[in-house]
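Q: Each chain, letter by letter, is given below.
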Amino acid sequence: MNSEILTQSSTNAEGQPASATKRGRRRRNLWAYGYMSPVLVALAVVFGYSFVEVVHYSFYAGGVGQLTYVGTSNYHELFADPQFITSMFNNFKLLFTVPVVTILALALALMINTTFRGVRQYRAIVFLPYILPATAMGLSFSYLLQGNGVLDSLLKNLDLSFLIHDWLGSPSWVMFSIGSVIVWQQFGFGVVVFSAALLAVPGETIEAARIDGASWWIVQRKILIPQIRRIIEFFVILQAIIVLSSVFTYVYVLTGGGPAYSSSVMEFFIYQNGFENGSIGIASAAAVVLLGIASVLIAIYIWARARAAKEAG
Amino acid sequence: MQHLRNVLRQLVLIALSVISLYPVWFMLSTALKSTHYYTMNPTGIPYHVTFSNFRAVLSDWPLLLWMRNSLIVTVVAVSVSTLISIMAAFAIVFSQAHGRESLFRSSIALMAIPPVALLIPMYMLMVNTHLINSLPSVMIFYTGLLIPFSIFFFVNFFREIPLELVEAAYVDGAPHRRILRSIILPISGASTVTLVIVNAIFVWNELLVALVFLQSNSSRTLMAGLALYQGRYVTNEPLLMAAAFLSILPLGVLYIFGQRFFVRGLTAGMGK
Numbered sequence: 038m039n040s041e042i043l044t045q046s047s048t049n050a051e052g053q054p055a056s057a058t059k060r061g062r063r064r065r066n067l068w069a070y071g072y073m074s075p076v077l078v079a080l081a082v083v084f085g086y087s088f089v090e091v092v093h094y095s096f097y098a099g100g101v102g103q104l105t106y107v108g109t110s111n112y113h114e115l116f117a118d119p120q121f122i123t124s125m126f127n128n129f130k131l132l133f134t135v136p137v138v139t140i141l142a143l144a145l146a147l148m149i150n151t152t153f154r155g156v157r158q159y160r161a162i163v164f165l166p167y168i169l170p171a172t173a174m175g176l177s178f179s180y181l182l183q184g185n186g187v188l189d190s191l192l193k194n195l196d197l198s199f200l201i202h203d204w205l206g207s208p209s210w211v212m213f214s215i216g217s218v219i220v221w222q223q224f225g226f227g228v229v230v231f232s233a234a235l236l237a238v239p240g241e242t243i244e245a246a247r248i249d250g251a252s253w254w255i256v257q258r259k260i261l262i263p264q265i266r267r268i269i270e271f272f273v274i275l276q277a278i279i280v281l282s283s284v285f286t287y288v289y290v291l292t293g294g295g296p297a298y299s300s301s302v303m304e305f306f307i308y309q310n311g312f313e314n315g316s317i318g319i320a321s322a323a324a325v326v327l328l329g330i331a332s333v334l335i336a337i338y339i340w341a342r343a344r345a346a347k348e349a350g
Numbered sequence: 003m004q005h006l007r008n009v010l011r012q013l014v015l016i017a018l019s020v021i022s023l024y025p026v027w028f029m030l031s032t033a034l035k036s037t038h039y040y041t042m043n044p045t046g047i048p049y050h051v052t053f054s055n056f057r058a059v060l061s062d063w064p065l066l067l068w069m070r071n072s073l074i075v076t077v078v079a080v081s082v083s084t085l086i087s088i089m090a091a092f093a094i095v096f097s098q099a100h101g102r103e104s105l106f107r108s109s110i111a112l113m114a115i116p117p118v119a120l121l122i123p124m125y126m127l128m129v130n131t132h133l134i135n136s137l138p139s140v141m142i143f144y145t146g147l148l149i150p151f152s153i154f155f156f157v158n159f160f161r162e163i164p165l166e167l168v169e170a171a172y173v174d175g176a177p178h179r180r181i182l183r184s185i186i187l188p189i190s191g192a193s194t195v196t197l198v199i200v201n202a203i204f205v206w207n208e209l210l211v212a213l214v215f216l217q218s219n220s221s222r223t224l225m226a227g228l229a230l231y232q233g234r235y236v237t238n239e240p241l242l243m244a245a246a247f248l249s250i251l252p253l254g255v256l257y258i259f260g261q262r263f264f265v266r267g268l269t270a271g272m273g274k
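Same order as they appear, the protein sequences are chains A and B. For the first sequence, the positions run 38 to 350 when the working numbering is used. For the second sequence, the positions run 3 to 274 when the working numbering is used.
Derived from the structure by calculation, the hints contain no laboratory data. Careful: at least some of the hints might be erroneous.
[As the list claims (entries may be wrong)] Rough simulated footprint, nothing fancy, chain B against chain A, three-plus residues with beta-carbon under 8 Å: (1) 123–132; (2) 273–282; (3) 295–309.
[What the hints assert, rightly or not] With beta-carbon atoms standing in for the labels, derived distance ranges: (4) B:Ala58 / A:Lys347: 34 to 42 Å; (5) B:Ala111 / A:Asn194: 46 to 54 Å; (6) A:Gln158 / B:Leu6: 50 to 58 Å; (7) A:Leu197 / B:Ser81: 47 to 55 Å; (8) B:Val9 / A:Ile122: 26 to 34 Å; (9) A:Leu141 / B:Leu6: 35 to 43 Å; (10) A:Ala237 / B:Arg107: 22 to 30 Å; (11) B:Phe53 / A:Ala117: 53 to 61 Å.
[What the hints assert, rightly or not] If you only want the chain B side, here are some residues facing chain A, beta carbon under 7 Å, derived: (12) Val20; (13) Ser36; (14) Thr37; (15) His38; (16) Met42; (17) Pro116; (18) Val118; (19) Ile122; (20) Ala176; (21) His178; (22) Gly260; (23) Phe264.
In this text, all values refer to a predicted model and were calculated from it rather than measured experimentally. All C-beta atoms, glycine included, are put in the ideal place defined by N, C-alpha and C.
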């Protein structure tokens, strides 16, 4: 660890004993506080202030400039609102994309875990969707998936008419369609993450197993997958955070929350109540609920990190 | 057997490549068709190429203005957040200041905070400070949102720097500012490019904040403008696809030239 080195070596340079007084230590670190202060100010404004205020607003009703204190009634109203319940459940439904992305990406990463011609190009192509703006790609998907759209005419031409749906216009299919677009975008990210992890697995372990006569599948399942287990865990947690807290763009562009509010998610609910209906209190209460759910995932993430760090020694 | 497996693998990869690229191809091919031609043949190859859609969105829409806005917001938010995060990460790794570990730990936690949860208070703040509908409102918000990951990224990178490099300079009595500038920054070039790309993608692609904060046509970013015009021109597919294609073009070009930076940066959050 090279942390603290500057302070320590400065101590040596000045010929002072390592156990300097508290005040001396503070003075020697003065520059560090200066270096940290810009981000502290920015984080205090964007996160600190917002956390306090969003909780504050959640106890008020009314529009800008005419807020009145209403206690916890926003929260009661929230959990009695079928649109909020639907929104929350839709976020949970999108959690199904997490195992799908993980398994598909892991399968492909294992499949291309050798050197052959074109492997880098293929990886680059499947990674591309991950960097493209969801707004623009959502526009493209909205034409591909709309009723009698491109996908439907393709299915018709393939004599698969029984599969034809109004993918974005039917309440029972719309979350499946949004989830599929998310899988399309996140898949390449998983492939690249898992490929990098697999490359780091020491070759001798695999070689030894092969010599012992282990089949391809046994090598994957008993050696490679366990070796990158930690990375898989991180990826799963990260994906869960994404489907919970940053899918607004897909919903806004693909369906606008519709039909009715059947594809609304928590983010969309907050946006709509706060900025279209002017119910700042309700939107803030929903934001507090979302923060609560996000905190659970963040706690799991930090716990997983700490455990991985401990294992690494 | 081995041969069969290779053929199978190629087939899977070709299929996945087609699925990955098709929505982009659909965008481009539609943009090159006239409305009439598109209605007759939505999925076919555009044999009669027309550039009229591109011309129309560039001259009739404020697309170039939105692009300029997006570019300004991206450049400012990314440079400010990168600069101040480098300073903070340097202090976290190379000092004994109280609270440095807490700052690092909070950054990790804040990385996963949903931006929508901060949206209402930030909106009220921007209204009260009369910054709403102006580019600085989103710049400030984006800068804050980018900081946690940037600190996390640079702290991890600085912790890999060999001790001897910094120690020698310190014994010579060089001030912190000079150590950062003449030792740390020169070896951080590739990492900084990587982080800048990750952050730039986030800002360029961001929709929610821009949609809420920038409601006048002249202050909109590209994504917010595109989302707004979707409602207005939804039945003119070739026109919308031309605008959408132009909006992904800068990223696409960057990706072709700097692919390794994209991959390295966007996977940096994993495992460390």
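Q: Each hint: holds or not?
A: Against the structure, the hints:
Closer than 8 Å: that is the beta-carbon criterion, and the region 123–132 of chain A has 0 residues meeting it against chain B, so the requirement of 3 is violated. With 4 residues carrying a beta carbon less than 8 Å from a beta carbon of chain B, the region 273–282 of chain A meets the three-residue requirement, and the given coverage holds. Counting residues of the region 295–309 of chain A whose CB lies closer than 8 Å to any CB of chain B gives 4, so the stated coverage by that chain holds, three being the minimum. Distance hint check: the CB atoms of alanine 58 (chain B) and lysine 347 (chain A) are about 60 Å apart, inconsistent with the given range 34 to 42 Å.
As the Cβ distance of alanine 111 (chain B) to asparagine 194 (chain A) is approximately 51 Å, the hint placing it in 46 to 54 Å holds. The given range of 50 to 58 Å is broken by glutamine 158 (chain A) and leucine 6 (chain B), whose C-beta atoms sit roughly 22 Å from each other. Distance hint check: the CB atoms of leucine 197 (chain A) and serine 81 (chain B) are about 51 Å apart, consistent with the given range 47 to 55 Å. The hinted window of 26 to 34 Å between valine 9 (chain B) and isoleucine 122 (chain A) is violated, with their beta carbons roughly 50 Å apart.
Separation of leucine 141 (chain A) from leucine 6 (chain B) is about 22 Å and departs from the stated range, judged on CB atoms against 35 to 43 Å. For alanine 237 (chain A) and arginine 107 (chain B), the Cβ-Cβ distance of about 26 Å falls inside the hinted range of 22 to 30 Å, so the restraint holds. The hinted range of 53 to 61 Å is satisfied by phenylalanine 53 (chain B) and alanine 117 (chain A), whose Cβ atoms lie roughly 54 Å apart. With its C-beta approaching chain A no nearer than about 9 Å, valine 20 (chain B) sits outside the 7 Å limit, and its interface hint is violated.
Checking serine 36 (chain B) against chain A: minimum C-beta separation of about 16 Å lies over 7 Å; hint violated. Given the 7 Å rule on beta carbons, the hint for threonine 37 (chain B) is violated: about 13 Å separates it from the nearest Cβ of chain A. Hint on histidine 38 (chain B) is violated. Least Cβ distance to chain A is approximately 16 Å, over the 7 Å limit. This hint is violated: methionine 42 (chain B) has a C-beta 12 Å from the nearest C-beta of chain A, more than the 7 Å allowed.
Residue-level restraint check for proline 116 (chain B) holds (minimum Cβ-Cβ distance to chain A is 3 Å; threshold 7 Å). For valine 118 (chain B), the interface hint holds, since its Cβ comes within 7 Å of a Cβ in chain A; the closest pair sits about 4 Å apart. With 7 Å as the threshold, the beta carbon of isoleucine 122 (chain B) comes within range of chain A, its nearest partner Cβ sitting at about 5 Å, so the hint holds. Annotation: interface hint on alanine 176 (chain B) violated; nearest CB of chain A at approximately 10 Å, more than 7 Å.
A cut of 7 Å between beta carbons decides the hint on histidine 178 (chain B): the least distance to chain A is about 5 Å, and the hint holds. Residue-level restraint check for glycine 260 (chain B) is violated (minimum Cβ-Cβ distance to chain A is 11 Å; threshold 7 Å). A hinted interface residue such as phenylalanine 264 (chain B) counts as satisfied when its beta carbon comes closer than 7 Å to some beta carbon of chain A; here the least separation is about 6 Å, so the hint holds.
Hint compliance for this structure: hints 1, 4, 6, 8, 9, 12, 13, 14, 15, 16, 20 and 22 are not met, and every other hint is.
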